[in-house]
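Engineer: Spelled out from the first residue to the last, the chains are:
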Amino acid sequence: MGTEQTPFLEVRHLKKYFHVGRGKVLRAVDDVSFHINKGETFGLVGESGCGKSTLGRTVIHLYEPTSGEITFDGIKVGEETSQEQRHLLTRRMQMIFQDPYASLNPRRKVIDIVAEGMDAHHLYASEEERRETVIRLLERVGLQKEHADRFPHEFSGGQRQRIGIARALAVQPDFIVCDEPISALDVSIQAQVVNLLEDLQKEHGLTYLFIAHDLSMVRHISDRIGVMYMGALVEVAPAEELFEHPMHPYTQALLSAIPLPDPDVEKKRSRIMLNGSVPSPISLPENECRFCSRCPVKSDVCKKSRPELRELRPGHFVACHEAD
Amino acid sequence: MTNDCVKDSMFRKVKVDEAEREHLDAPMTSVLADAWYRLRQNRAAVAALFILAAIVLLAIFAPVFSRYSFKEPDYNAIFALPDKAHIFGTDQFGRDLWVRCWMGCRISLMIAVVAALVDIFIGVTYGAVSALFGGRVDAIMQRIIEVLVGIPSLIIVILFLMAFPAGVGTIIAALSITGWVNMARLVRAEILKLKNQEFVLASRVLGTSSRGIILHDLVPNAVSVIVINVMFTIPSAIFTEAFLSFIGIGLAEPQASLGVLINNGYQVLQNYPHVMIFPAIIIILIMVCFSILGDGLRDALDPQMSR
Numbered sequence: 001m002g003t004e005q006t007p008f009l010e011v012r013h014l015k016k017y018f019h020v021g022r023g024k025v026l027r028a029v030d031d032v033s034f035h036i037n038k039g040e041t042f043g044l045v046g047e048s049g050c051g052k053s054t055l056g057r058t059v060i061h062l063y064e065p066t067s068g069e070i071t072f073d074g075i076k077v078g079e080e081t082s083q084e085q086r087h088l089l090t091r092r093m094q095m096i097f098q099d100p101y102a103s104l105n106p107r108r109k110v111i112d113i114v115a116e117g118m119d120a121h122h123l124y125a126s127e128e129e130r131r132e133t134v135i136r137l138l139e140r141v142g143l144q145k146e147h148a149d150r151f152p153h154e155f156s157g158g159q160r161q162r163i164g165i166a167r168a169l170a171v172q173p174d175f176i177v178c179d180e181p182i183s184a185l186d187v188s189i190q191a192q193v194v195n196l197l198e199d200l201q202k203e204h205g206l207t208y209l210f211i212a213h214d215l216s217m218v219r220h221i222s223d224r225i226g227v228m229y230m231g232a233l234v235e236v237a238p239a240e241e242l243f244e245h246p247m248h249p250y251t252q253a254l255l256s257a258i259p260l261p262d263p264d265v266e267k268k269r270s271r272i273m274l275n276g277s278v279p280s281p282i283s284l285p286e287n288e289c290r291f292c293s294r295c296p297v298k299s300d301v302c303k304k305s306r307p308e309l310r311e312l313r314p315g316h317f318v319a320c321h322e323a324d
Numbered sequence: 325m326t327n328d329c330v331k332d333s334m335f336r337k338v339k340v341d342e343a344e345r346e347h348l349d350a351p352m353t354s355v356l357a358d359a360w361y362r363l364r365q366n367r368a369a370v371a372a373l374f375i376l377a378a379i380v381l382l383a384i385f386a387p388v389f390s391r392y393s394f395k396e397p398d399y400n401a402i403f404a405l406p407d408k409a410h411i412f413g414t415d416q417f418g419r420d421l422w423v424r425c426w427m428g429c430r431i432s433l434m435i436a437v438v439a440a441l442v443d444i445f446i447g448v449t450y451g452a453v454s455a456l457f458g459g460r461v462d463a464i465m466q467r468i469i470e471v472l473v474g475i476p477s478l479i480i481v482i483l484f485l486m487a488f489p490a491g492v493g494t495i496i497a498a499l500s501i502t503g504w505v506n507m508a509r510l511v512r513a514e515i516l517k518l519k520n521q522e523f524v525l526a527s528r529v530l531g532t533s534s535r536g537i538i539l540h541d542l543v544p545n546a547v548s549v550i551v552i553n554v555m556f557t558i559p560s561a562i563f564t565e566a567f568l569s570f571i572g573i574g575l576a577e578p579q580a581s582l583g584v585l586i587n588n589g590y591q592v593l594q595n596y597p598h599v600m601i602f603p604a605i606i607i608i609l610i611m612v613c614f615s616i617l618g619d620g621l622r623d624a625l626d627p628q629m630s631r
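Same order as they appear, the protein sequences are chains A and B. In this text, residue positions in the first sequence follow the working numbering: the first is 1, and each later residue adds one. In this text, residue positions in the second sequence follow the working numbering: the first is 325, and each later residue adds one.
So that you can see chain A by itself, here it is in the shape it has in the complex (with noise of 0.2 Å):
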């Protein structure tokens, strides 16, 4: 993981703000910095509502940002960016939704589903060419050509998010966006997703920026991961580094909350119980570390500014004052 090289995708100061009525606002993604190298995985993960998904949508333009530079593949897009610049990137950039059951338009045929990216970027000369290319996708994140003439309805979950995944494909994107892609499957369909995806980012060099609240499924596929806590990251890191040496203390409670399969090292581990509530992203203190409300370890510093990233060991950053 070369730090050096000119990072694939790389988001600067990126805001993204909603406006909630009565001159009230939500700071969804409140100035987040990070970059994606080429050919990895980064996983992204936080607690609902932290804005992870909010992220990945602007990240992919379906959100115009508030403020803020996303660079993809040295291409900046901003508002000078034309409408046709702007649709050859759609083409290179792509989704897969977290819910398989809302994701598929019910009434077209899993032909069309696939197929829609390559409509809309005309990439078949012919219709045999529009059906052999779905047919081999389909084939490829292991559906049937059979099922081609179907519709979405008739199959189960993990079927769809293959449909899903194939429609993604069809554009022969290099970099994906997974909105918790797994998070509405059954375990046993989970395991086979992440190994389509992982199989599928060897095959095709892809980049995944990958959204999830399931660390150890996280830590299982990303080479690097973010942790988000409203709206902001407070720690970045590489998969192992984090796990081994989670410094910030939202990440420590984080890890220390996940389930172990061996009952015996349950019983000895000890939890890290945060207290407090969480704070409503609406109102949210301009000057003070957003995690103060709910921190063990937080000084009269916490209090007085917000913690940037800092890199306190290589490829580690961290947004907290007391760490070291």
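Hints are not guaranteed to be accurate.
Unchecked claim - Cut-off 30 Å, straight-line C-alpha distance, at most; resulting in silico cross-link-like pairs (DSBU-like, lysine-lysine):
1. B:Lys337 to A:Lys24
2. A:Lys109 to B:Lys517
3. A:Lys76 to B:Lys337
4. B:Lys519 to A:Lys109
5. B:Lys337 to A:Lys268
6. B:Lys337 to A:Lys38
7. B:Lys519 to A:Lys15
8. A:Lys15 to B:Lys517
Note that these hints are calculated values from the structure, not bench results.
Following the hints, position chain B against chain A.
Structural biologist: Only chain B this time, still in chain A's reference frame:
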């Protein structure tokens, strides 16, 4: 702090046996085929469908194949009771009620269907524009609707009919002025719900144009709401038309609509009840059957809604 939790070595890759793979054995169905199947399971709805089909066929063909005309008087057969020559009897001018009933039914249905089509056209466009543009456009359009809802629609309709010459076109226009509001609200709600669904987001990520999203994602998924609403608009349009004709501001003689016929019969109800009973039965059948069929369609198209 070291952590003794998950290690990467805990993960092992398993091979999935081909034979254990999921298979689809059920016959291929589309959403519409499924809906048709569910509708057929609903006996009341099927019966309603057949009765409505029969009424529509009679309304179209009965006047054509009868030897009587709906407006030719026959002063030798005034107020004839139902018999072989006149199946439903005759009215005060000796006009055959069988022909007049189906003629009236034809006009009532036509008014209702055209009014419903206008509702669809205006309501769907208005609701879709309101939902898709959102923000200020949506707010203004919704305020306009609220003003329209605030005024009792019967008053608007009656004033409209006073101002313009009576006729089929005027009645359709009067019914349409306020009729589309309901449709617009339903379509707006449906599209607001749909447009943030993940499959619409997926279409946007894939680079599909707005036109493609409207055509393939939004409209086909809003169809059931539109169809169900039409099933309830048609009988209410028939009823409103009948009501207007009954109070004497709808269609005029010799034109026949179900409302005109009931009004005629009502005046001689004590002496010749058959003049009113037959059109009344037809209008009741139409209203009840549309309601039952509408309920059945809602359950069939939206299975999560029932029970």
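Engineer: Now, for every hint given, state plainly whether the structure supports it.
Structural biologist: Structure-based check of all given hints:
1. B:Lys337 to A:Lys24: With a Cα-Cα distance of about 48 Å, the restraint between lysine 337 (chain B) and lysine 24 (chain A) is violated, given a limit of 30 Å.
2. A:Lys109 to B:Lys517: holds (22 Å)
3. A:Lys76 to B:Lys337: It is violated: about 39 Å lies between the C-alpha atoms, which goes past 30 Å.
4. B:Lys519 to A:Lys109: holds (20 Å)
5. B:Lys337 to A:Lys268: The given pair, whose Cα atoms are some 28 Å apart, holds under the 30 Å limit.
6. B:Lys337 to A:Lys38: OK: lysine 337 (chain B) and lysine 38 (chain A) at ~24 Å, within 30 Å.
7. B:Lys519 to A:Lys15: holds (24 Å)
8. A:Lys15 to B:Lys517: holds (26 Å)
Checked against the numbered hints above, the structure violates hints 1 and 3; every other hint is satisfied.
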